[in-house]
Structures are given as C-alpha cells and as structure tokens.
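Student: All chains, please: the whole structure from these sequences, using the hints.
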Amino acid sequence: MSNKLVKPNSQIANRNEEELIINTGTKKYVIKDEHRRPMGEFFWNPSDTGILSRYNDVVTFFNNLDLKEGEDAEKFIVDADKGIVEKMSYLLNEDTSTSLFSKVAPLSMLANGNVYAFEVLEQIASLVEKESKIRVNRANTRVNKYTRKYHN
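Per full-length UniProt numbering: the sequence shown = residues 1 to 152.
By construction, these hints were calculated from the structure, which means they are not laboratory data. The reader is advised that the hints may include incorrect statements.
[Claimed, not checked] Each computed EDC-like pair below joins lysine to aspartate or glutamate, with the alpha-carbon atoms no more than 16 Å apart:
| id | residue 1 | residue 2 |
| --- | --- | --- |
| 1 | K103 | D57 |
| 2 | K28 | D95 |
| 3 | K82 | D66 |
| 4 | K28 | D79 |
| 5 | K103 | E34 |
| 6 | K133 | D33 |
| 7 | K130 | D48 |
| 8 | K103 | E129 |
| 9 | K27 | E119 |
[As the list claims (entries may be wrong)] Label pairs and their in silico Cβ distance ranges:
| id | residue 1 | residue 2 | range |
| --- | --- | --- | --- |
| 10 | E19 | E119 | 34 to 42 Å |
| 11 | G113 | H35 | 16 to 24 Å |
| 12 | A111 | K133 | 27 to 35 Å |
| 13 | I22 | E74 | 18 to 26 Å |
| 14 | H35 | S126 | 29 to 37 Å |
| 15 | L20 | F43 | 15 to 23 Å |
| 16 | D72 | K130 | 35 to 43 Å |
| 17 | R15 | S108 | 31 to 39 Å |
| 18 | N23 | L127 | 17 to 25 Å |
| 19 | K68 | K133 | 37 to 45 Å |
| 20 | N45 | F76 | 19 to 27 Å |
| 21 | E18 | K133 | 35 to 43 Å |
| 22 | K28 | A125 | 37 to 45 Å |
| 23 | I77 | N23 | 15 to 23 Å |
For each residue, glycine too, the CB sits at the ideal point set by N, CA and C.
Tutor: Here is the structure:
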C-alpha cells in the first residue's frame, strides 16, 4: 500500500483549468450612509445597453406598488420588499438582497422622507445618465478625431 495522499477530484480537475479574463469595463459602486459607512455595493458595466429597458420595467413596477384598501399592510410590505429586491436584482444583473438591501429593507423610510429603495433607484438613474453621457462623449471625441480631416 502506498503512503501517497490521494487528491480529491476537484484538485485534479483544477490543474487542467485555465482562465480567460475579459476586461468588460465593469465598475464597482459602494453605497455609504451619511456617516460614510459602507451599506452595500454593486457592480455595473456602463456599456450595458440593456439597462435602459430594465430600468423602465423597474420604474413601472415601482409605480404600480400600491396598498389597496382592505389589504393587509404587513403582508403588502413583505411582498413589496421581496418584489423590490427581485426587480433591483434584475436591473443590475446581480443579487441585490446582499449587495443593496442587507442593512436596510427596501421600504424603509429615510431621514429625508424618501423610501430607501426609491432613493437607490434615483441614484442609479443619475449614475446611468452620467455614465452614458461620458461614454457618448468619448465615442464622439474618437469619431471626430478620425473624421476631422473630411470636414475641412
């Protein structure tokens, strides 16, 4: 009998595994409270062309959130919180239950009177607009660089 330690299959498989690392331009955004303490984070690729249609879907969902007369408020809050987490995960293509909502529930009221999830959505909208303009401006600069000689 041999004294050699048998390696688990996963270690053997990893010897033949190689990685392809692609720079997609994804950026990390850290959400902090007013005391600059981290509350969560998410990753987003500013060149993600699908974000606008997903954003519109999420806004429609938020606009349709309404406690109906006679509806159990506690059940509404639980269901709405769950739905908001699902929609925000859809928007950002990642699990937001831990990245955005681990410290504050979606329907929590902030000191300024806004609902936390609405504030997050508003900030993401500003971010998308800002990043999109930057991307458009960079593209226009590049295009102008190559087409300038034809405009003279």
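Student: Each hint should be assessed against the structure and marked as holding or not.
Tutor: Status of each hint after checking the structure:
1. Distance restraint check for K103 and D57: the Cα-Cα separation of roughly 25 Å exceeds the 16 Å cut-off, and the hinted pair is therefore not satisfied.
2. For the hint linking K28 to D95, the alpha-carbon distance of about 14 Å falls within 16 Å, and the restraint holds.
3. As the CA atoms of K82 and D66 are separated by approximately 14 Å, the hinted pair is consistent with the 16 Å bound.
4. In summary, the hint linking K28 to D79 is not supported, as the alpha carbons are separated by about 29 Å, beyond the 16 Å threshold.
5. The hinted pair formed by K103 and E34 meets the criterion: a straight-line CA distance of about 14 Å does not exceed 16 Å.
6. With a C-alpha separation of about 26 Å, the suggested pairing of K133 with D33 is violated against the 16 Å cut-off.
7. For the given pair, K130 sits about 14 Å from D48 by alpha-carbon distance, which is consistent with the 16 Å threshold.
8. Of the supplied pair hints, the one linking K103 and E129 is violated, its CA atoms being roughly 26 Å apart against a limit of 16 Å.
9. Simply put, K27 and E119 have alpha-carbon atoms about 20 Å apart, too far for the 16 Å limit, and the pair is violated.
10. For E19 paired with E119, a C-beta distance near 38 Å keeps the hint of 34 to 42 Å intact.
11. Hint check: G113 to H35, Cβ distance near 19 Å, so the stated range 16 to 24 Å holds.
12. Separation of A111 from K133 is about 30 Å and conforms to the stated range, judged on CB atoms against 27 to 35 Å.
13. Distance hint for I22 and E74: a CB-CB separation of about 45 Å, inconsistent with the stated range 18 to 26 Å.
14. Take H35 and S126: their Cβ atoms lie about 21 Å apart, and the range 29 to 37 Å is violated.
15. The given range of 15 to 23 Å is respected by L20 and F43, whose C-beta atoms sit roughly 18 Å from each other.
16. Against the hinted window of 35 to 43 Å, the Cβ-Cβ separation of D72 and K130 comes to about 40 Å, which satisfies the hint.
17. Distance hint check for R15 and S108: the Cβ-Cβ separation is about 48 Å, which falls outside the suggested range of 31 to 39 Å.
18. For N23 and L127, the Cβ-Cβ distance of about 20 Å falls inside the hinted range of 17 to 25 Å, so the restraint holds.
19. Taking the beta carbon of each, K68 and K133 are about 40 Å apart, inside 37 to 45 Å as hinted.
20. For N45 paired with F76, a C-beta distance near 34 Å fails the hint of 19 to 27 Å.
21. Separation of E18 from K133 is about 38 Å and conforms to the stated range, judged on CB atoms against 35 to 43 Å.
22. Against the hinted window of 37 to 45 Å, the Cβ-Cβ separation of K28 and A125 comes to about 19 Å, which falls outside the hint.
23. The supplied range of 15 to 23 Å is broken by I77 and N23, whose beta-carbon atoms lie about 41 Å from each other.
Hints 1, 4, 6, 8, 9, 13, 14, 17, 20, 22, 23, counting from the list given before, are not met by this structure.
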